[in-house]
Every structure is written in C-alpha cells, then in structure tokens.
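Participant: Listed below, chain by chain, are the residues.
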Amino acid sequence: MWNRFDKRDNIRRYGTALVGLAILIVSWRVMNVNYEYLLTAHYEIYDLLYRMVPPDLGYVNEIASPLIETIHMSIMGTALSIIVSVPIAYLAANNVSPHWTLVYFGKFIISVTRSISAIIWALIFVVMFGPGALAGIFALAVRSIGFIGKLLSEAIEEIDPIPVEAVTATGGNKIDVFVYGIVPQIKPAFIGMSTYRWDINIRQATVLGLVGAGGIGLVLDSAITRLYWPGVTTILLSILLIVIFSEGISAYLRKKIGGV
Amino acid sequence: MSTKESHTWNRPSVFQSRVRKWAVYSGIVLFVLWSVWELRVPIDRLIVGFGAGADMVSSMFPPDFGPTARGRIWTGMIDTIAMSIVATIAGVILSAPVAFMAAKNYAPRPVYYIGMGIIVFSRTFHPLILAIVFVKAVGVGPLAGVITLAVVTIGFFAKLLSEEIEDMDRLQYDAIRATGANPFQSLAYGIIPQIKPRFIGLSVYRWDINFRASTIIGIVGGGGIGSTLMSSFQRFQLDFSLAILITILICVMIGEVMSLKVREKYQ
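Protein sequence lines correspond, in order, to chains U and B.
If you're matching positions, the first sequence starts at 285 in the numbering used here and goes up one per residue.
If you're matching positions, the second sequence starts at 43 in the numbering used here and goes up one per residue.
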C-alpha cells in the first residue's frame, strides 16, 4: 500500500506537532486567563451592542474637526518621514553609500525606528511636546522612517548599474548620477511606498490619540471613558469611512504606477 | 525660410502632458501646505519640545535594570510572547476556512463575498481599537489581547492564503478528483500540498507581526508588556521606560531574525 510518509517522516511530523502543542499549552497557562470573565462575556457583548446601537449621528458635528486633524497628522507625518528617510536610505544602500560604516549607521536607524510601534513613539513624543497633534506627527514620522528607509534602500540596492555608469561616462558628477541614474529607476517604487505608508499612517493616526497624541483617538478615548457608546459607534464608523477612502486612493495610485 | 526644430531632450514621464504633471505636483504641495496651515505648529513649542526632549533623555539614562524592574519586565515579556503565540495559532486556525471561502476559484460566489467581508472587516480597524471592544467584552487581561490579535490575524492571513489558493495549479486538484477522491481527499492531496510552504512562511511572518502588536495591546488593557510601559510613562519612571523599550527592541529584532530564517528555509 502507498503511503505519503515513511516512518522517519512520521516521527518528525508527530514530534513537531507535539512540540507545537506543548508550546501552545504552556503559553495558555502563562497567560493566567480568568475564566470567570468568560462566563459573563456573552452578556457583556450583548450589553455592548445594546448600548452601541443605534449610533449617535448628531455626534458627527463634534468629530468632524478631529477627523480632519487625523488626516493632517497622517500627511504631515508621511511628508516629514519622506524628507528624512531619503538620505538615510541612500546611506544604508550597499551599492551607493559613501562609506561602509554609514551603511551600518543607516541600517541601525532603520531597524530601531521600525521595531518600535508608532503608539510607543507617541508615548515618548507626548512627554516631549505635551499632548496634541505635534507629538502624533513626530511619532508617525519616526516610525515611517524605518519603513520607507528599508524599502527604499532595498530598491536602490536592486537598481541596474548600467545607467549609473552611462551617466558617469558622460562626465556627470555625483548629483547628476543621483538625479539621472538612480532616481528614474526607483521613482515608481518610491511613489508606491510613500502612498502605501500614508495609507498605513491614517490607520495609525486614528489610535495615537489614545495616548494623547491628537486626532480622532482623543475623542474616542474620552467617549469610552465617559461610557458614551452611541458616540463610540459613530467614531468607529467615521474611521471605517476614512480608512476605506484612503485605501482606495492608495490602491488606485499603486496600480497606476506599478510600484510596490 | 527654414524652420528650425528644437531637439532638446525631455525626460519621459508617467503623466501624458507637462500640464498634468505640474497639476499633480502642485496639488500634492497644496495639500501638504493645507495641512501645515491647519495644524500651525508654533516654533517656540518645537523649541520647548526639544528642550524637554533633552531633559527626558537625561532622566532616561541610565536605564533601570534593577532587580524589581527586571522581574516586572520578565513577567510582562513572558505574557507578551505567550499572547503572540496563542493568538497566532488561534488566528491561523480560524483563517484557514476563511481563506478557502475567499478564494475565487474554489468557493461559490455568495460564499466568496462572505469570506471577503470577514477579511475586510478584520483588516480595517487598528488592533488597539478592536482591543478596546474586547477588553469591555472579556475584561482586562491577556485574553482580550489574544482575541484581538487572532481577529486581526484573520484579515491578513486569510487574504494572503486565499491569493495563494487562487494561484494554485488546478491540474493537480483535477487529477486527484479524477481518481475518484471525495472533496475532502482532493483538498488534502490536491490543494494542501501546494499551499503548505506558503502557509508555514505566512504563519511565522504573522507571528512576528503579532509579537510587535502584542507589545502595545496592553496600553488599552489587553495584557502584556504594554501596560507596564504605559504605567511607567504615566508615573514618569522614564529610566524604567527605557529599560522596557530596550527589551522590546531586542526581542522584536530576535523575532524578526527568527521569522526570516524560517521563511528562507520554507519558501
């Protein structure tokens, strides 16, 4: 009879499954779940739905301006991060970087900014600038440096060296090489990743207010603290709207340009 | 009279005409300027902020890795790691059927729309917003975080897996069917072997993302290191905050390297 796996395969397969199961069980035990909460969960969910529906549509007037502020934060954060990440990506790209130590410097900045969430950056910037949109802009910008910097430096590393040589051969200096040899090759990817990051940043900007960094999150936080659930529904719906809207724009642009 | 044609070379452009190109560029610039104007950040606030930043940095150093701090970081991190593991496994199990529902070539039309609906819903909201709702439903603690991350995982995992199913080689599936296999057997032998490497790669990748996300879910009460970090900021124990941040940074980087290695092996 034909079998897909021989004996050794089977030992390995069941061994892996057992180890996986053991990790799962240990993890579950570590979390110390309070099962009493689970017993009341269905009641709580019912209660939540009961309070949240119908949404308070009159609340729209109050949330309009924080919603616009959220969009502004996302634009400013993205714009700022683009300005900073272009030179960092240039330094971090193996093939064009002026010096190898700068490659490590660039890659270090990229990993550090990338590994910490925007909301944690927001905690830090709220301490610096106080609550408000400014802290949010900086949080988005710093987190985005890692994202755009990483993708952009990878795009630069993958360029075709021949146009660069051609521009050098005509007597072009470093700036000419950058403008005519490198930029045209990475432009589609660059526009694609910037729009994509802006799209992500809108989503992030909606929650930064939870730690005081401005935008719709501030209103959401206060509505939850006041247990004003019909207002929470309105806020969530408005977030849904702008997220779908920005995702539409970003998807359209990326499709058109054919970048990332 | 002879007409001289100009032969200046212009760089090719994605926009069909120069007018359009400058219209788009100036549109973007105007949009950014509008943002700058609306937010109107006063310069002195920036200067004060950077001064406060210097104070903050000086009160952060040296990071507090004392015995009490180490104990709290350890408990928080273990919780965070456990949450990310449970959430990834639960999320992956939940997304497998959703992925088949959302695969155009496999699911009937109405089922496809339901599958896509689930995916869109779970992708739209930031994990923190979902976490707020689940904290209300099941109380403060890691369980709320796990449910949140599992739900967010569905949107990501089912979407990418359904794309993989759509790209599969139909012939293998038909061959198994032709031998008289029932739908379950053809699934097990015709489709699953084709998507398995991607499945493993995606699971590990998602674990990596969930781990990052689980470091922040505690900010709204979803358990893990996030709540420790949040309270350290609120009490201005900034040296302890820095210790937590360093730990998160190192763990996230280790997680990223691990996930990269596994994905290289399987894909």
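Among the hints, erroneous ones may be present.
[Said to hold, decoys possible] Selected chain U positions facing chain B (in silico; Cβ < 7 Å):
#1 Ile359
#2 Val491
#3 Leu524
[Stated by the list, open to error] As a list, the in silico BS3-like pairs of lysine-lysine whose alpha-carbon atoms are at most 30 Å apart:
#4 Lys291(U) with Lys307(B)
#5 Lys291(U) with Lys238(B)
#6 Lys471(U) with Lys458(U)
#7 Lys291(U) with Lys391(U)
#8 Lys63(B) with Lys146(B)
#9 Lys458(U) with Lys391(U)
#10 Lys291(U) with Lys303(B)
#11 Lys540(U) with Lys307(B)
#12 Lys238(B) with Lys539(U)
#13 Lys63(B) with Lys540(U)
#14 Lys391(U) with Lys303(B)
#15 Lys539(U) with Lys146(B)
#16 Lys238(B) with Lys307(B)
#17 Lys539(U) with Lys471(U)
#18 Lys539(U) with Lys63(B)
#19 Lys471(U) with Lys540(U)
#20 Lys391(U) with Lys307(B)
#21 Lys458(U) with Lys63(B)
#22 Lys471(U) with Lys63(B)
#23 Lys238(B) with Lys303(B)
Keep in mind the hints are simulated off the structure, nothing from the lab.
Ideal Cβ positions, reconstructed from N, Cα and C, are used throughout, including at glycine.
Participant: All hints, please: hold or fail.
Facilitator: Against the structure, the hints come out as follows:
1. Ile359: holds, 5 Å
2. Val491: At 4 Å from the nearest chain B Cβ, valine 491(U) passes the 7 Å test, so the hint holds.
3. Leu524: holds, 6 Å
4. Lys291(U) with Lys307(B): holds, 23 Å
5. Lys291(U) with Lys238(B): holds, 21 Å
6. Lys471(U) with Lys458(U): Within the cut-off at roughly 18 Å; holds.
7. Lys291(U) with Lys391(U): violated, 46 Å
8. Lys63(B) with Lys146(B): Distance of about 38 Å is beyond 30 Å: violated.
9. Lys458(U) with Lys391(U): Cα-Cα ~22 Å, so holds.
10. Lys291(U) with Lys303(B): holds, 27 Å
11. Lys540(U) with Lys307(B): Measuring from Cα to Cα gives roughly 34 Å; hence the hint is violated.
12. Lys238(B) with Lys539(U): At roughly 29 Å apart (the allowed maximum being 30 Å), lysine 539(U) and lysine 238(B) satisfy the hint.
13. Lys63(B) with Lys540(U): holds, 14 Å
14. Lys391(U) with Lys303(B): holds, 19 Å
15. Lys539(U) with Lys146(B): holds, 20 Å
16. Lys238(B) with Lys307(B): This hinted pair holds, its Cα atoms lying about 13 Å apart.
17. Lys539(U) with Lys471(U): Holds, at about 14 Å.
18. Lys539(U) with Lys63(B): holds, 18 Å
19. Lys471(U) with Lys540(U): holds, 13 Å
20. Lys391(U) with Lys307(B): Status holds; Cα separation ~24 Å.
21. Lys458(U) with Lys63(B): holds, 26 Å
22. Lys471(U) with Lys63(B): This hinted pair holds, its Cα atoms lying about 14 Å apart.
23. Lys238(B) with Lys303(B): This hinted pair holds, its Cα atoms lying about 17 Å apart.
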